[in-house]
Amino acid sequence: MTRYAGNAAALRGLVRDQEVHRDVYVSEEVFQLEMEHMFPNSWVYVGHDSQVPNAGDYYGTTIGTQPILLVRHTDGTVKVLHNRCPHKGTRITSETCGNTGKFFRCPYHAWSFKTDGSLLAIPLKKGYENTGFEQSHAATGMAPVRHVRNYRGFVFAKINDGGLDFEEFFGESLSSFDNMIDRSPVGQLKVAGGVLRYMHNCNWKMLVENQTDTCHPMVAHESSAGTVVEVWKKAPPGTRKPMAVEIIAPFMSPYEFFENMGIRIWDNGHGHTGVHHSIHSDYSAIPGYFEKMTAAYGEERAKAILGENRHNTVYFPNIMIKGPIQLLRHFKPIAANKTLVESWTFQLVDAPDMLLERTLMYNRLINAPTSIVGHDDLEMYERAQEGLHSNANEWVNLQRLYSPDEAGQTNVAVNGTSEWPMRHQFRAWTKFMTMGM
Amino acid sequence: MSMVAEAPLKNAVPTDQELIDFVVREARLIDQQRFDEWLDLYADDAFYWMPLEWNQTDPRLTCSLMYEDKLLLSIRVERLKGARTFSQKPKSRCHHVLQTPQVDSRDAAANSYVTWTPMHYVETRLEEQTLYAAWATHHISVENGRLKIKLKRVDLINCDAAFGNIQLFM
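Going down the list, the sequences are from chains A and B. The first sequence begins at 1 in my numbering and counts up by one. The second sequence begins at 1001 in my numbering and counts up by one.
Bound conformation, chain B alone (with noise of 0.2 Å):
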C-alpha cells in the first residue's frame, strides 16, 4: 500500500500533469485511509461541497448532501479513528475509479486551477457493497509551492435518491 511521497513542483505555475497527477494522489490517500495526509491536501479556507440537487449552484440556501469546511472535514477523521465510532466497526473500505482528470481551466494569474474527472466510487461495509458514479470538479491553487484543494465538488449521478449511509469520503 506504500506509495511515493508528494512530489514538489517544478515551478510555481502547475502544468496539467501536475495538475492530474494531483487529483489521482487524492483518490488515492482516501482509498489507503491516510486521511490526515489527506486532509493536508485542503487550504485551511476549503470546502467539501456534495450537492442534493442536479445542477445545484447554491450551497447556502438549498440543502447538500455535504457543505463543510476544514473543521467538519477535520471532525469527520478524528471521529474515524474513535475508540466508540460504533458505525465503524468494522470500518468501511473503498474504492475509486477515475477517469484520466480534465483540466478545464487554468488562470496563473488568479493562482486558479480547475478540473474535472468522472469516477465510479465503491464503498463497502460488511456484507453490503455499493457503486456510487460521480463526477468530481477540483478547484485548485498554489499555497507555498505545494498544490491546495480550495473546493472539491461531487456531484453524484443520482444525487437525489435515497441513500444509506455514505460514511467514507468520494
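For reference, chain A alone in the conformation it holds in the complex (with noise of 0.2 Å):
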C-alpha cells in the first residue's frame, strides 16, 4: 500500500509544529522516498579529501543508500562519481579505497573509464557499430555526480540539479568547519586514525536529533558517565585526572550546565549546541600546541579560535562534527530500521599528536561498538524503534520551549535544552523532501 509516494500534502502532514508522525521512522515507504527525493535534493557529506591525495586515488561510499565514489582525476581536482559500470550495473572498485592508476576499469568485461567517469575504452568496440550506441546512457560513461562542492577539504555533493546552491543550503554554518580546520596551526585537516563503524537497528534521523538533545546525558548515561564519576571519587587525593575521566565524566552535568550552555539554529535544519560553553570546555591544555598556534595566528586570533567551544554541529541531513575534539559522525541510512554510523577522525596538520590521541580516546570511549556511552545510546533508540509500533499514540512529541514564532527564525542563540533544533531539522526534512514534487 502506497500513502506518501507523489502526495506531498501527505508528507508534510507527518510533520507538524510540535510533532512529528511516527512513518517518519518506521515506514518503508517514507524511508524510500527520502532516498528518491530528500537525500538527492540535499548537500550530502561524502568524505574528506585526504582521503585520496594522489591522482587515481579513490574511496567508495554512499548518498543516501547510493553507491558512489570520491576519486582524484588526473587534473587534481577531486570527483564524484557513480560506482556502477554504465554496461551492467557492476560496482567498479574491488576495495573500499584504494588508487586505480589513470583509470577505473570494470572486472566484468573491461570497459574503462577516466577518472571523471567518462568512457575511455570497450573491448570488441564494433560490435556497437550502427546500434545508435552514442546516443545510449551507457556511452555517457560512469555518471558523475555534477554538484559537488570542496570546502577547505570537505566534499560535499548534490545529485539533483534543482535545490539551493552551496552556499545557500549551509550558509552561516561552515564557521563549524572553520574553526575545527582553524585549529591546526597551518589551516589543515587530515582524516587519521582509522574509522569506527556501528551498526545501529534504529533510524537515523534518531541519531540525527540525539546530537542536539541535552536532556538525555544525565539520565541515559547515568550508568557510564555516573560510574566514571563515582569510581574517581574514590582515588587517592591528588591523583592526576586521567584523559579518559576528562572526557566522560561531564556527561553527567546538571540540567542548569545544558541549559546555560546553549543551542544555535541556522538556516535548512542546521544547528549546534555549545554556544557558551560545552562539554569539552575544560580538557587540560596539550603542551605546545597554544605556543604554536600563537605563532601562527597571533595570540588574540588563536585564543578565539581556542575559545570556541561548540559541542555537537550538525548539518542538515545526517552528519555532525565536533570542533574541538575533530571528530565527524556520519549517519548512514540503510533502512527505515538500520543505520551505520561511521565516526571519522582527524589529525590537526602540524599540532601536537597528543591532540590526535586525544580525539581518538575520545572516539574509542563514546562512539565505539564497544563503548559503554555507545550502549546506553543504542539501547534508547532501539526501544523507541520498538515503541513506535504501538497504536495508542502515532505521534512523537517535540514540544520542549516551542515558541509559535520560531518557524523562519535563523541564526538564533537560545536555551540550551530547547527542542527546536530537532523541529527545525524536520522543517528541513519537509522542503527536501517535497520539494519539486
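Derived from the structure by calculation, the hints contain no laboratory data. Because the structure is a prediction, the values reported are computed rather than measured. A few of these clues could be false.
[Claimed, not checked] The calculated lysine to aspartate or glutamate pairs, modelled on DMTMM-like cross-linking and capped at a C-alpha distance of 20 Å, are:
| # | chain 1 | residue 1 | chain 2 | residue 2 |
| --- | --- | --- | --- | --- |
| 1 | B | Lys1089 | A | Glu134 |
| 2 | B | Lys1091 | A | Glu246 |
| 3 | A | Lys338 | B | Glu1127 |
| 4 | A | Lys241 | B | Glu1068 |
| 5 | A | Lys233 | B | Asp1069 |
| 6 | B | Lys1070 | A | Glu382 |
[What the hints assert, rightly or not] Just so you have them, the derived chain A footprint on chain B, three or more residues with Cβ under 8 Å:
| # | region |
| --- | --- |
| 7 | 1047-1058 |
| 8 | 1113-1119 |
| 9 | 1141-1150 |
For each residue, glycine too, the CB sits at the ideal point set by N, CA and C.
Got two chains here, separate frames each, mind docking them using the hints?
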C-alpha cells in the first residue's frame, strides 16, 4: 500500500509544529522517498579530500543508499562518480579505498573509464557500430554527480539539479567547519586514526536528533558517566585526573549546565549545541599546542579560535562534527530501521600528536560498538524503534520550549535544552522531501 | 557454576601448564560473570587491547575498539552492576570456546610469558546471539607468587567490520 509516493500533502502532514508522525521513523515507504527525494535534493557529505591525496586515489561511500565514489582526477580536482558500470551495473571498485591508476576498469567486461567517469574504451568496440550506441546512457560512462563542492577539504555533493546552491544551503553554519580546520596551525586537517563503524537497529534520524538532545546525558548515561564519577571519587586525593575521566565525566553535568550551554539555529536544519561553553570546555591544555597556534595566528586570534567550544554541530541531513576534538560522525541510512554510524577522526596538521591521541580516545570511549556510552544510547534508540509500533499514540513529541514565532527565524541562540533544533530539522526534512514534487 | 579457587604457583617460574590453566580460568571467570575476580587477574598497570585494524601495531595514534587500563576496566565492571544500566536489562551472557593456549615465549629473567589462544566467543542478549572469532594474546608475569595479566590483546578476525553492541569481555 502506498500512502506517500507522489503525495506531497501527505508527507507534509507527517510534520506538525510540535510533533512528528511515527512514519518518519518506521515506514519503509517514507524511507524510500527520503532516498529518492530528500537526499538527492540536499548537499550530502561524501568524504575528506585527504582520503584521496594522489591522482587515481578513490574512496567508495554512499549518498543515501546509492553507491558512489570520491576520486582524485588527473587534473588534481576531486570528482564524485556513481559507482556502477554503465554497462551491466557492476560495482567498479574492489576495495573501499585504493588507487586505480589513470583509469577505472570494470572487472566484468573490461570497459574502462577516465577518472572523471568518461568512457575510455570498450573491448570489441566494433560490435556497437551502427547500433546507435553513441546515444545510449552507457556511452556517457560512469555518471558523475554534477554538483560537487570541496569546502576546505570537506567534499559535499548534490545529486539533483534543483534545490539550493552550496552557499545558500549551508549559510552561516560553515563557521563550525572553519573553527575545526583553523585549530590546525596551518589550517589543514587530515583523516587519521581509522574509522569506527557501528551498526544501529534504528532510524537514522534518531541519531541526528540525539546530537542536540541535551536532556538525555544525565539520564541515559548515568550508567556510564555516573559510574565514572563514582569510581573517580574513590581515587586517592591528589591523583592526576586521567584523560578518560576528563572526557566522560562531563556527560553527568546537571540540567543547568546544558540550559546555559545554549543552542544555535541556522537555516535548513543546521545548528549546534554549545554556544557559550560545552562538555569539551575544561580539557587540559596540550603542551606546546597554544605556542604553535600563537606563532601561526597571533595570540588574540589563537585565543578566539580555541575559545570556541561548540559541542555538536549538526549538518542536515546526516552528519555531525565536533570542532574541539576534530571528529565527524556520519549517519548512513540503510533501511527505515537500520543505520550505519561511521565516526571519523582528523589530525590537525602541524599540531602535537597528543591532540590526535585525545581525539582517538574520545572516539573509542564514546562512539565504538564496544563503548559503554554508545551502549546507553543505542539501547534507547532501539527501544524507541520498537515502541513506535504501539498504536496508542502515533506521534512523537518535540514540544520542549516551543515558541509559535520560531519558524523562519535563523541564526538565533536559545536555551540549551530546547527541542527547537529537532523541530528545525523536520522543517528542513519537509522542505527537501517535497521539493520538486 | 562453581569452580575451584585459583591454585597457587608451585614455583617462582610458572610451568606451561600453569600458564595454560590461567588463560582458561580467565575465560571461565568471564563466562560465569565473576567480574571482580576476573579483574583481580590483571596487574595494576595492565591494558586490555582490542585493535580496530588488522595487524595493528600502535594503540595510541591508531584507533582501537578497546584500549583500556584497569581504571576503565573497573568502571565497566561497576557499570554492569548498576541499577540504571539499561543496556543490561536484561543482561547479556557470553560463552568462550578456547583452543588450547600455546605458550609462545617464556622469559623467566624478564618475568614475561606470552600465550596465544584462538577462540570463538558468543555474546547473547534477548533474541540476538552473535558469534565472534578471535585470537587472544596474553602477556603474563608473576607478582607476589600469582600470575597476572599485563596485556591482553584480542584480535578479531573481522576487526574492521561494522558491529552492533559488544557489551562484555572477550
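Outcome of the hint check:
no., hint, verdict
1, Lys1089(B) x Glu134(A), "62 Å, violated"
2, Lys1091(B) x Glu246(A), "28 Å, violated"
3, Lys338(A) x Glu1127(B), "17 Å, holds"
4, Lys241(A) x Glu1068(B), "15 Å, holds"
5, Lys233(A) x Asp1069(B), "17 Å, holds"
6, Lys1070(B) x Glu382(A), "30 Å, violated"
7, 1047-1058, "holds (count 3)"
8, 1113-1119, "violated (count 0)"
9, 1141-1150, "violated (count 0)"
Hints 1, 2, 6, 8 and 9 from the earlier list are contradicted by this structure; the remaining hints agree with it.
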